[in-house]
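This is what each chain is made of:
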Amino acid sequence: MFEIKNLFVNYGGIEAVRDISFSVEEGKIVTLIGANGAGKSTTLRTIAGLVKAKSGTIEFMGEKITGKDPASIVGKGITLVPEGRKIFPDLTVLENLKIGAYLRSDDISKDLEWVYSLFPRLKERSWQYGGTLSGGEQQMLAVGRALMSRPKMIMMDEPSLGLAPLIVRDIFSIIKEINKEGVTILLVEQNANMALQVADMAYVMETGRITLSGKGSELIDNEDIKKAYLGK
Amino acid sequence: MEFFHQNLSYFLSGISVGGQYALIAIGYTMVYGILRLINFAHGDVFMCAGLMMVYLSSTLPFTITIPLVLLLTVLLGFVIERVAYMPLRSAPRMSVMISAIGVSYLLQNAALYFTGGLAKVYPEIPFLSNSIVIWDATTRVVTIVTPFLTVVLVILLTLLIKHTKIGMAMRAVSRDFETSQLMGIKINRVISTTFMIGSLLASVASLLYFTNYASVTPTSGAMPGLKAFVAAVFGGIGSIPGAVIGAFIIGICENIIKGGASIFGIPGSGWTTFSDAFTFAFLIVILVVKPTGLFGEKAVDKV
Ligand SMILES: Nc1ncnc2c1ncn2[C@@H]1O[C@H](COP(=O)(O)OP(=O)(O)O)[C@@H](O)[C@H]1O
Ligand SMILES: [Mg+2]
Numbered sequence: 001m002f003e004i005k006n007l008f009v010n011y012g013g014i015e016a017v018r019d020i021s022f023s024v025e026e027g028k029i030v031t032l033i034g035a036n037g038a039g040k041s042t043t044l045r046t047i048a049g050l051v052k053a054k055s056g057t058i059e060f061m062g063e064k065i066t067g068k069d070p071a072s073i074v075g076k077g078i079t080l081v082p083e084g085r086k087i088f089p090d091l092t093v094l095e096n097l098k099i100g101a102y103l104r105s106d107d108i109s110k111d112l113e114w115v116y117s118l119f120p121r122l123k124e125r126s127w128q129y130g131g132t133l134s135g136g137e138q139q140m141l142a143v144g145r146a147l148m149s150r151p152k153m154i155m156m157d158e159p160s161l162g163l164a165p166l167i168v169r170d171i172f173s174i175i176k177e178i179n180k181e182g183v184t185i186l187l188v189e190q191n192a193n194m195a196l197q198v199a200d201m202a203y204v205m206e207t208g209r210i211t212l213s214g215k216g217s218e219l220i221d222n223e224d225i226k227k228a229y230l231g232k
Numbered sequence: 233m234e235f236f237h238q239n240l241s242y243f244l245s246g247i248s249v250g251g252q253y254a255l256i257a258i259g260y261t262m263v264y265g266i267l268r269l270i271n272f273a274h275g276d277v278f279m280c281a282g283l284m285m286v287y288l289s290s291t292l293p294f295t296i297t298i299p300l301v302l303l304l305t306v307l308l309g310f311v312i313e314r315v316a317y318m319p320l321r322s323a324p325r326m327s328v329m330i331s332a333i334g335v336s337y338l339l340q341n342a343a344l345y346f347t348g349g350l351a352k353v354y355p356e357i358p359f360l361s362n363s364i365v366i367w368d369a370t371t372r373v374v375t376i377v378t379p380f381l382t383v384v385l386v387i388l389l390t391l392l393i394k395h396t397k398i399g400m401a402m403r404a405v406s407r408d409f410e411t412s413q414l415m416g417i418k419i420n421r422v423i424s425t426t427f428m429i430g431s432l433l434a435s436v437a438s439l440l441y442f443t444n445y446a447s448v449t450p451t452s453g454a455m456p457g458l459k460a461f462v463a464a465v466f467g468g469i470g471s472i473p474g475a476v477i478g479a480f481i482i483g484i485c486e487n488i489i490k491g492g493a494s495i496f497g498i499p500g501s502g503w504t505t506f507s508d509a510f511t512f513a514f515l516i517v518i519l520v521v522k523p524t525g526l527f528g529e530k531a532v533d534k535v
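Line by line, the protein sequences are chains G and E.
This note's numbering applies: residue 1 is where the first sequence begins, and numbers increase by one.
This note's numbering applies: residue 233 is where the second sequence begins, and numbers increase by one.
Rather than coming from a laboratory, the hints here were simulated on the basis of the structure.
Bear in mind that the values here come from a model prediction, so they are computed numbers and not experimental data.
Do not take every clue at face value.
Claimed, not checked - Restricting the straight-line Cα-Cα distance to at most 25 angstroms, the calculated cross-link-like pairs of lysine-lysine (BS3-like) are:
no., chain 1, residue 1, chain 2, residue 2
1, E, Lys397, G, Lys110
2, G, Lys98, G, Lys176
3, E, Lys397, G, Lys68
4, G, Lys5, G, Lys226
5, G, Lys123, E, Lys394
6, G, Lys52, G, Lys76
7, G, Lys152, E, Lys397
8, G, Lys98, E, Lys397
9, G, Lys68, E, Lys394
10, G, Lys110, E, Lys522
11, E, Lys522, G, Lys76
12, G, Lys52, E, Lys418
13, G, Lys98, E, Lys394
14, E, Lys397, G, Lys123
15, E, Lys418, E, Lys394
16, G, Lys98, E, Lys522
17, G, Lys110, G, Lys215
18, G, Lys64, G, Lys98
19, E, Lys394, G, Lys76
20, G, Lys64, E, Lys418
21, G, Lys110, G, Lys123
22, E, Lys394, G, Lys152
23, G, Lys110, G, Lys98
24, E, Lys418, G, Lys54
With the hints as constraints, model all of the structure from the sequences given.
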């Protein structure tokens with residue numbers, strides 16, 4: 001469904017992503033794990049169209065989407081929940097959700113209901129400004145906002161970052177639930193343990209390269225991974 | 233009451249000029265809000281609207297000229313943004329500012345070329361130019377119309393920003409370009425719309441302002457532009473209500489100073505000379521006391 005081939009991305013002189021290739025199967029949860037600075041965010045931002053690739057191709061549903069602008073990528077059905085949530089603090093919760101559906105002109109009330117059923121707290125706070133929510137609520141809002149575009153594939157950049165363990169568990173169970181509804185998920189995490197537990201397929205990134213890949217359940221028992229990322 | 237009655241004409245023209253500054257100031261504050269750019273060319277766009285009126289009304293009836301001037305000014309704002317600012321979207325802010333200064337001089341020089349440097353007589357617009365007497369004070373209809381029209385336009389603009397899709401996009405883009413793009417918003421479209429709204433309001437302001445001032449020169453936009461800018465800073469740049477309130481305060485204070493001789497019983501008319509100096513002294517005081525202005529956001533820069 002989704003495939004990256006030989007992707008290179010530079011920032012000025014810095015090679016942030018060097019020749020990575022991977023694919024995401026429809027309906028699966030795929031995770032990209034790795035230390036800080038490995039190039040995970042850069043990869044997602046390139047897919048989303050925020051950063052231009054130096055070379056390589058990105059294909060989605062049989063169509064080349066390399067170099068397209070962010071609005072067309074969203075239009076094709078790929079959304080990014082950015083690192084640090086990036087909700088709009090002076091828009092209300094409801095407006096934040098509505099703006100997620102910016103490109104749609106059909107009725108969004110069903111999707112709004114769905115998001116509210118996934119995150120009942122957002123419904124209670126729909127008239128509050130986004131900036132007044134707690135970190136966990138903001139992450140829920142960021143995910144809900146992305147769902148409002150009705151994506152085929154949703155990319156999440158470190159959704160567990162800075163959240164309390166209990167909230168992290170909530171977020172991961174929501175990720176599984178969204179996936180059950182048929183949305184393909186590309187998940188970037190430093191929290192390798194949680195990510196590997198939910199992932200069908202996992203890729204490990206180190207300094208711009210993919211150094212290891214395998215089923216989530218396999219990598220979780222891999223000795224190198226245990227040492228490097230699971231702190232065991 | 234007697235005092236108010238005697239000086240009514242100063243209050244009236246203060247409120248009227250304040251409304252005109254407000255309409256110009258909105259353009260400064262909205263563009264600043266979205267691009268963090270002080271659009272130095274805005275006052276000159278206002279002047280160009282005045283000149284367009286002069287030239288077009290000499291051959292066309294007002295029913296055509298007025299909408300045409302509004303339309304052409306909107307187009308001018310759009311073109312300036314596309315040509316002079318959009319290519320510099322990722323350049324340092326200083327470069328964009330220099331580009332804005334360049335556009336300002338370009339417009340003034342173009343106006344100089346077309347007018348030959350002569351003051352062009354502004355046409356008498358029927359109804360707006362008519363005289364009326366209010367409580368013994370003689371004034372033009374435009375003086376009375378301006379504050380009402382300003383309030384109506386500000387309400388419409390507020391509704392647009394609060395309750396429409398494009399308004400929501402404007403609020404989002406003024407916060408965060410990148411996340412707005414992730415929502416599928418085409419930021420260049422939103423920025424163009426902002427410039428077009430600012431130019432439309434400046435064009436309306438020019439109709440009202442020049443009707444009271446009788447002539448247009450290539451530098452006619454400089455002073456009202458500068459005062460509207462001061463109003464925007466006073467109100468807290470980026471804030472629309474701030475700009476509107478700031479503009480009314482400056483317009484009224486300026487005219488009270490102009491009328492100072494009679495209001496405070498000081499002989500001679502020397503005070504009028506100082507009304508502009510007052511405006512800028514005012515700005516300095518405000519920036520010292522409250523750098524963010526009346527309604528300014530705290531020093532949070534773009535996140
Ligand atoms: N905007 C940028 N400009 C220059 N270098 C950047 C920029 N963003 C990231 N980098 C660099 O690219 C590399 C990869 O960063 P990133 O993709 O954010 O890694 P990760 O998300 O895995 O922590 C790092 O060395 C980082 O310093
Ligand atoms: Mg990152």
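We went through each hint and held it up to the structure:
Between the alpha carbons of Lys397 of chain E and Lys110 of chain G the distance comes to roughly 19 angstroms, so the proposed pair stays at or under 25 angstroms and holds. Distance check on the hinted pair: Lys98 of chain G and Lys176 of chain G sit about 23 angstroms apart at the alpha-carbon level, within 25 angstroms; holds. Our distance criterion of 25 angstroms between C-alpha atoms is met by Lys397 of chain E and Lys68 of chain G, whose separation comes to about 24 angstroms. With a C-alpha separation of about 28 angstroms, the suggested pair Lys5 of chain G and Lys226 of chain G falls outside the 25 angstroms cut-off, and the hint is violated.
Simply put, Lys123 of chain G and Lys394 of chain E have alpha-carbon atoms about 20 angstroms apart, close enough for the 25 angstroms limit, and the pair holds. The straight-line distance between the Cα atoms of Lys52 of chain G and Lys76 of chain G is roughly 17 angstroms, inside the 25 angstroms bound, and the hint therefore holds. Among the hinted pairs, Lys152 of chain G with Lys397 of chain E is consistent with the structure: their alpha-carbon atoms are about 24 angstroms apart, no more than 25 angstroms. With a C-alpha separation of about 9 angstroms, the suggested pairing of Lys98 of chain G with Lys397 of chain E holds against the 25 angstroms cut-off.
Of the supplied pair hints, the one linking Lys68 of chain G and Lys394 of chain E is violated, its CA atoms being roughly 31 angstroms apart against a limit of 25 angstroms. Note on Lys110 of chain G and Lys522 of chain E: the hinted pairing is violated, with a Cα-Cα distance of about 47 angstroms set against a maximum of 25 angstroms. With a C-alpha separation of about 48 angstroms, the suggested pairing of Lys522 of chain E with Lys76 of chain G is violated against the 25 angstroms cut-off. Taking the CA atoms of Lys52 of chain G and Lys418 of chain E, the gap is near 17 angstroms; set against the 25 angstroms cutoff, the hint holds.
A C-alpha spacing of about 13 angstroms is found between Lys98 of chain G and Lys394 of chain E, which places the hinted pair at or below 25 angstroms, so the restraint holds. Taking the CA atoms of Lys397 of chain E and Lys123 of chain G, the gap is near 21 angstroms; set against the 25 angstroms cutoff, the hint holds. Using a Cα cut-off of 25 angstroms, the hinted pair Lys418 of chain E and Lys394 of chain E holds, with the two alpha carbons roughly 19 angstroms apart. Taking the CA atoms of Lys98 of chain G and Lys522 of chain E, the gap is about 36 angstroms. The hint is violated against a cut of 25 angstroms.
Note on Lys110 of chain G and Lys215 of chain G: the hinted pairing is violated, with a Cα-Cα distance of about 35 angstroms set against a maximum of 25 angstroms. For the proposed pair Lys64 of chain G and Lys98 of chain G, the alpha carbon gap of about 29 angstroms is over 25 angstroms, so the pair is violated. For the suggested pair Lys394 of chain E and Lys76 of chain G, the alpha carbons sit about 29 angstroms apart, so the restraint of at most 25 angstroms is broken. As the CA atoms of Lys64 of chain G and Lys418 of chain E are separated by approximately 21 angstroms, the hinted pair is consistent with the 25 angstroms bound.
Distance check on the hinted pair: Lys110 of chain G and Lys123 of chain G sit about 14 angstroms apart at the alpha-carbon level, within 25 angstroms; holds. Taken as a hint, the Lys394 of chain E and Lys152 of chain G pair is broken in the structure, with Cα atoms around 31 angstroms apart against an allowance of 25 angstroms. Proposed proximity of Lys110 of chain G and Lys98 of chain G is supported: the alpha carbons are some 12 angstroms apart, at most 25 angstroms. Distance check on the hinted pair: Lys418 of chain E and Lys54 of chain G sit about 23 angstroms apart at the alpha-carbon level, within 25 angstroms; holds.
Hint compliance for this structure: hints 4, 9, 10, 11, 16, 17, 18, 19, 22 are broken, all remaining hints hold.
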